[in-house]
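Asker: In case you want the letters, here they are:
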Amino acid sequence: MNRKLKIAVYSGEIPSTTFIERLIKGIAKTGSAVYLFGAKKKSIAYTDNISVVAYKHNKFSKLFTLIKYSVLLFLFRNNDKKKLDQIIASTSNNLVYSKVKFYPVLWVKPDVFHLQWAKALREWSWVRQFGIKLVLSLRGAHINYSPIANHDLAEMYNTYFPKVDGFHAVSNAIAKEALKYGAELSKIQTVYSGLDINNFSEIKKTKQPVFNIVSVGRSHWVKGYSYAIDACKILKDSGLEFKYTVVGVSKNIELVHHVHDLKLTHNISLVDKQPFEQIKQLIANADVFLLPSLKEGVANVVLEAMALRTIVISTDCGGMSELIDNERNGYLIPIRNAVQMAEKLMVISNLDSQNKNKITDQAYRTINEKFTSDQMIAGMIDLYNSVLKDT
Amino acid sequence: MSRKITNKPTIGIVLISVPSYSETFFQNKIKGLSQNGFNVILFVDYLKNFETRPPCKIIRASNYDGSKLNRLLNASKAILSAIFINPIKSFKLFKLDRKDGLPFKLCLKNVIRNQPFFKAHIDWLHFGFGTLTFNRENVAEVINAKMAVSFRGFDLYLSPLKHHDCYATLFDKNIRYHVLCNEMKTTLKTYHVNEEKIRIIPPAIDVDFFNSSAVKRNESEIINFTTVSRLHWKKGLVYTLEALAILKNKGLNFKFTIIGTGEEQERLVFAAYQLGILDDVIFAGKYSKEQVKDQLEQTNVYIQYSTQEGFCNAVLEAQSMGLLCVVSNAEGLSENVLHDQTGWVVQKRNPLALADRILKVLELSEDKKSNVRDRARMRAKNEFNLSIQETSFIEFYKS
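If you're matching them up, the sequences are chains A and B in order. First residue of the first sequence? That's 13 in the working numbering, and the numbers climb one at a time after it. First residue of the second sequence? That's 223 in the working numbering, and the numbers climb one at a time after it.
If the Cβ cut is set under 10 angstroms, some of the chain B residues that face chain A in the computed set are: (1) LEU383; (2) LYS384; (3) VAL460; (4) ARG489; (5) ALA493; (6) LEU497.
Heads up, simulated DSS-like pairs for lysine-lysine below, C-alpha to C-alpha not over 27 angstroms straight-line: (7) B:LYS384 x A:LYS263; (8) B:LYS456 x A:LYS248; (9) A:LYS93 x A:LYS131; (10) A:LYS263 x B:LYS456; (11) A:LYS52 x A:LYS74; (12) A:LYS248 x A:LYS285; (13) A:LYS94 x A:LYS18; (14) B:LYS290 x A:LYS54; (15) A:LYS53 x B:LYS290; (16) A:LYS285 x B:LYS384; (17) B:LYS290 x A:LYS52; (18) B:LYS407 x A:LYS275; (19) B:LYS470 x A:LYS192; (20) B:LYS395 x B:LYS230; (21) A:LYS275 x B:LYS456; (22) B:LYS290 x A:LYS74; (23) A:LYS245 x B:LYS384; (24) B:LYS384 x A:LYS255; (25) B:LYS253 x B:LYS419.
Quick caveat, the hints were computed from the structure, so don't treat them as lab data. We put the beta carbon where it would ideally sit given N, CA and C, even for glycine.
Input sequences plus hints: build the corresponding full structure.
Answerer: This is the structure we're talking about:
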C-alpha cells in the first residue's frame, strides 16, 4: 500500500464542523489526497492535497456540475455512468440532484469514501459497487437516539450496517450502540477525537468575581440545559453566588423562558455563538465547565476545557466516562439529575486551589496522552488501511 | 373611534389561518357570534386548505408569501390600491405609524401590507393573538373600528421574551383586552394596562359531548394516565415522564397515553427510553374528538403538567368527564382546576411533587374521589359551557 491514498471525507457541506475539519487537515498532512464533496457554503484555503469537488446551493452551479461530470463520465467511463444511472433510477426520488451529488464521486473514484453521518448511509451505499470502500463514522444523534424514536431509520441501519466496510466510532459506548443495528464488531474501530494541545496552553486565566460556570454547545434538547437551569435554582436557593453562561443558545425560547420562570436572569446568561478564541477564553476563566448532556459520544468541547485546565463536570452520558475518570481528572454525575448536579457544583465551589490543580493537571495529562490530533489521525489512517488491506 | 355601534355589529376577527377543527375556542366563538346574528369577517394571513369552513366571510389579510413573482404582483396591486382606492386611509395609517416612531420604510410597508383591512366595514377589529397586532396597531383607528386583542398564553408570556417590548406600542392604545384567567389579567396590569379595559372570558367546551355517562372506570391493576396536548416543550411532558418513572420505581403499574403530535416526539421517546418507561408510554398521535372522549372514558387520572399554559381546554374536557385531574400551577391552570376541590394543583417543574401527588390521589377513598369528580363535573358544566362564553363575548362587544 505505498501509493498515495485517495480519501473522500463526506459530511454534505463544506466547510464541516470544527472536528471534521481538523480530521480533514490531519489526513492531508499524512500525504494522502483528500477529496471533499457536497455543497460549498464558503471557500476555504486548503492545502494542495485537499481537493474540493463541490457545487454551490444555486441552480446554475448544480447545472454546471451536472454537465461537466456527465460529459467526463460519458467520454471516459461510460459503462460506470450507465451502471450508476441504473442505481439512481431504482433508488432515488430526485434523479437530477442525485446525479449532481454522485457523479463527481464516481469520477474521482476515491479508495475510501468516509461518510460522517449515518442517516445518509442508504443514499451512499452504491459506492461499494464501484470498488470504493465505505467507512461510516458513528456520531451523536444519528446513533444514540434518532433510531430509538424512528423505527424506519432503525430498519435502514439494520439493512445497511452489515454492508459497511469499516466503522469509525467516536467512543466505545457508541460502538456498542451500533452493534444493536447489525454493525460487525471486528469492523468497528474506536478513534477518539483529538486536538493540538499547544493551541490551548497559552491562554491566561482571569479570576472572576463569583463562582463561574460555563457550558458551550448547540441549541438542542440533548444538551440537557434544562437540568442545568434547574440545578442553578437549587444553587441560588442555597445562597451560593454564581454566574452561569451558556454559549450558543441565546435564541432558545424554552431556555429563555425557563431562566425567566425561575427568576434566574441575574445568574444565568444565555448568549449567542462566539468566535473560537473567545470561547477558549471564556472556558479558561471559568471555575467549572459543565456538560449536562443527555447523550454524547465524547463531547469535543470537554477535551478543550480539559486542555484549558478548567474543571469539568459532565453527565455520565454515552462515552464521557472513557474520557473522565470520576474525581481524578474531572467529575461524573448521573444524567437527568439536577439535584446531584447542584451538589457537585457546590462541592467544587468549596474546593481549595491545591485540589483544583490536582484535578486540572490530571485532566491536561489525559488529553496530552490520549486525545491528541496525532493519535486521531494515526487511528483513522489505520482504519482506512484495514479496510483496504484486501484490495 | 366615532363609529356608532349598532345592535348587531360586524366583528372582524384576525387570525393566522382559518381555525382547524381542534381550535375549539375560535370555532366556538365564530359559530356563537354568527348564531346570535352578528356579522363576522375572518381575516387570515394564510388561506391554506382548511378542514371546516366557518360560517363567515374570509379575507386574506396578507398575501406576500409564495414565489417572487406572486409577491411582486400582490405588492403592485396593494400599491395601486393605496394610491387610487384608499389614499386617505393609507395616508392616515402612515401618519399614525410615524407618530408611534416607526421607521419611514416600515410605515410604507405597513400601508401596503394592511390594504386588505381597508375595504371592510367593521365595528370591531379583534386580534385573536397579541402577536397578530405587530405593525397593525393603528389599523382599527384608520378604518374607524374599535380594537380588541385576545391574549392566549404564549403571546403574553413567551413572545415578550423573544421580542423585548414587543407590545409597547399596543399597550399605549385605547383598546379592549380579552384574557383567559385572572393570572393573565394580573400580568397585563404589570404592563400598566388599565384593568377596566381587561375582560376575563375563560374558554368553554361542549359539556354535553364531554359528559360522564359512558365512563368505563378501569378496575384492573394497570392505572391509566392520559395527557392531551401538542408535543411541545411548554407542556412539561419530560417532567411528567420523570414523575411517572419515579412511580414505576415504586412499583406502580401504569399506562400513560399522550394524545397529540408535535416537534418534540424524538425528545420524549428518548426520555421515556432513558427513564426506563418506554413500554409504559403510548404516543397515540392525533385523535378525533370521539377518540379523545373514548380515551378519557378509560382514564384514571388526567395529567396536565405544563410549564406555561393560558388555561387549557383539554383539562376542562377531562373535568367535564368527571376525571381526577392533576395539573401544574402554570398561569391559568390553577384557576382551571381548584386545588383539592375539582382536582389537584402541583408546583411546576417538580417531578417528585407530581409523583407524590399522583400517589396520594390514587390512595384516596372512593368517597373523596367521587366528591372531587362531582365538583369538577358540575363546575365545568356551570361555568365553562358554550352559552356562557357566547353571552360573555356579546357583552364584550356591547361595552
